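Q: Throw the hints in and build the complete structure from the sequences for me.
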Amino acid sequence: MTDTDDLMHELCGVSLSVIHDTCDTAVELIQHTMLSVERAVLESDTKSILKAQQALQDGDEMVPVVAMAKLICGGEYSDSLRIPHVQQLLQTIARLRTENQEKDDDNVHICSSIVSALQIYLLEQCDSAESRLVTAYEVMFSGVAFLNMYVQANYTGPAFEQRTLRDVLDLAAFLVTCSTDRSDSESHSDSLVSLQVDGESPFSICEYPQFLLIGRCLLHFVGNYAFNDWSVAANEIVHGQNDNEVSDDVVEGPAKRQITGGAAVRALEELLKQVISATWWNARAAVAHERLLLSKQPSNTLWFEARRGYIQTLQTNELFVYEKVTQYLRARAYVEWGLAQHYFDKNKHGKATFARAKEISGVSVQLSGSLGKRTKFQQKSVAQMVLLAASKKEPITVDDETSVYVAAVAESTHVDFGGKKIEAEDVVGNGAACPSVSPANSLTTEAEHIQKLVHEGEACYRNVNLDQVDQDNYLLENTEFEDHKLTEQGNLQILDQIVLLGLCLDVKNSNANDGLTREEMMPYITRVLENPNNWMVYSTALLERAWLECESSKRRERAVLQMQALVDQHTTRLTIAQNTLQSIVDSAPARERMQFVYSLAFPPQYALKRDLAERYFKLGILGSAVEICEELEMWDDVVKCYQILDKPMRAEKLVRERLEVAPTPFMWVTLGDLTQDPSHYETSWRLSKQRFARAKRSLGRYYFEDGDHEAAITHYEDAVRVGPMHTGAWFTLGAIAMRVHRWSLAMRAFTRVVQLEPDNGEAWGNLGSIHLHNQRYGEAFAVLEEALKQKRHMWQMWENYALCAMETKRYGEAMYAMHQLLDMRTKHKRPVDIAMLAWLVEAIVYPDSLKKMEQEVDTEDNAIGHATTDDKDYIDQIDGNDDLMQLDEVATATDSTPPRSDSHHKRQLAMLFGRVTSIVTNDAKVWEVYAHFNNGVDGRAEKARDCRLKQCRALQVAGWERDQQKVEDLCVAVSRLAQDYLAEGTKKALCSCRLYIRSVLTKAQVNFGDLETVKTLAATLDEVYAMEAQL
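Residue numbers (the UniProt record's numbering): 1 to 1031.
Calculated from the structure, these hints are not laboratory results.
Owing to the predicted nature of the structure, the values given are computational and were not obtained by experimental measurement.
Accuracy of the hints is not assured; some may be wrong.
[Claimed, not checked] Once the Cα atoms are required to be at most 27 Å apart in a straight line, the calculated DSSO-like pairs of lysine-lysine come out as: (1) K1015 x K988; (2) K827 x K789; (3) K554 x K296; (4) K296 x K376; (5) K827 x K925.
A: Here is the structure:
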């Protein structure tokens, strides 16, 4: 084979001659050649790009494309956009867009406009399928360059010097605004408006959103051509599908657009499918777009786009077919897919995805325990958690590929913490020594300046050590295991470290946020920090450690200092180890920082600063918190800080000043929140061209609090029409609709909530209440069952659940619900539902009597309905030998909810009465119902008589003889008690009865001797005398 054949065989696994023999068309040849280039760009593999360049001949159409790929792999994204071919392409697209805008409606979204311009360019100015395919690669790599520039500016650093991007910014402004005389701020503002999705705005304080916007448009064209862009909301919700399964329904979902234009356009659609990695890059761009949005509620539109891209990528074998020994690229795709599921709150599916990534990468992971110490003065070792992890393939370290400065120092802890003085020699990162500080008389001017920064607290180590924060610290930096091999497990592949961070994230997502979960997460992070192999991987591990340590009082200060250091490493300001601009670039060049950024859960700078501000606020460092919040325009938090600082008017002044400079819908809403003036919300709505859903939500909340429910409903309906995925808006709309008795609207709203959030227990409970109001008891019971899975401690739901259970003749469930209410009696302080107890007695003990009562009631008003089981299934068939005598006493002693049961209802009811009467001892109605129950059960006559006696005593409250109603009630109860004594007929029983009646009559006859009930009781006493005389 020739040298070219050898190169192609090394790149693709197939020689060039074989490719020529097997490819039927030039298009297939280009595709085979470019496949290795696509894979190299995904892996930032510059060496493979160089080999691909050597395999090409001068004048080949692919030469500029491969040159772009090389620059992208080297982190020189702006230079890749300066290639003449790319400049010509982008300038032409901008001109075509301008011409189309003059002809068509100005309201056409920029993505639709750019897609249309690209379609015209490829069909009309590219004269062959090969030329179109090469241009499609140029479009994709241009989109990748713009996307990576945005990610570098906002996530990884180093920050761009704006003067070095002047030509690229001008080109971006031309593409965004269709004008050559618009400023960067106008381009920035227009980009933020175009990046709105589902009625939600992006974070305005981000760097270069125009780069993300253009990258999204270009990558959408090549990677999502058959579907609508994000300006068309995906209202559909797909249920019952596992996101890890692959099927056409799952891949497509909603928002597939109609493609018109004849055979040429359809052929173009097929041609774009040859750009294999475009779907992956478009999914990455969609995730970056989602992370830019202000709303905490994930965008359904972007979710479908990202999901489609990742699933199509994982379906594609061409990208991974040449991985022989290891499949790190495929594992990386699974990690990114798992992170996407995390960002979009699909954590249940993410668990399986991270597990699949671990399986593919081959890393062995075992969470174990070993004896060790955590403090410097600890004498006895105790069990500590440790993660045992090893790569399938030992990593090979090559000097020019090693990240020399992964654990290097970076700028600036915050002055409020007063950075600690660094001694002559400290530890950097994980064991790398920091050069000693020379004596003062041998220091150069520059060295003296650096030492001054350290002493004044303006510089710190990138990995902040506990001893640096507090010299009196008694904690060890890392757990000291008795088995020293556990701290020297060997190096890991970078991808395996990424997998470990993904598994750590899964532990967080799968468990409660408590100390045990944090203890389980820390070994994963510690194992990654043992081997600082990559700048961003190490940074992510440091940040996750800081997040965990913020919950520990002993480590909280170090955690906040660590977060500040990670914020500062993004800047281009000079630091202790980075005292020239070139040293900043050399310490961690963009190519290294960007190599794995899409596979890591590292937040953008504005989100990291926001988190840091929240930590400062909690620690009471309000000055620093306000400074960051003002920088990020977090006006809600600024208001909180200024209120605490006793400066409430300062925030409003800041917002008004900002509005004079750059009025945005978000700023107008913020001013409305500060002043409670609804006209500002209306201004925001108009300025956003009826797209900013928060403005309508704020209006709805304003009128709701003002008591104008109809107006509030109108505004919330507008809000959910623009942003249909915002569960909070749907929930509030449903709650207001219930208040004004618009039940159908409330039903629709809460149904939407549970579609979006199946674990929203309150929405399920409200749905149950609506069904209950509509007397649809069967549906209400099913819905409340689901509600109680999520909200078991809401007593209101248990009350409704008990009622629905009774209406549907599920008596066991009704009694279980009443037990739950008794468990929660300290929360609701409500009396026992005696009517429910009486209903249970009639249904279980006297079923024939209940049926007769039901037949006498109008069926339309009091339908029991919806019962699917015959009464015989619910009624006990207990023979006379069954002993229930001890059940109520057992319930009294335990005072806890018994297990659920759909049988032996009399036994359950006896236990329920035992609990109730142990709690409520002086309610005559309870004792009356309890006595009625005992009368219906064989062998419990004496128990019934005791209950009636307690009923009578409960009625004998102080001063009862002066209240007619109380006298009547007591006389009736005593007359009924006397019947039980007469039925027993023993001398002892009659004597007790006589004495008790005489004591009641003596007092009752003083004021109310003429009452019929008193006369009846006197006649009963005569009857007792007569029976006694016969004995």
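Q: Against each hint, give a clear statement of whether it holds in the structure.
A: Status of each hint after checking the structure:
1. K1015 x K988: holds, 24 Å
2. K827 x K789: holds, 19 Å
3. K554 x K296: violated, 31 Å
4. K296 x K376: violated, 42 Å
5. K827 x K925: holds, 23 Å
Hint check: violations occur at hints 3 and 4; the rest are consistent with the structure.
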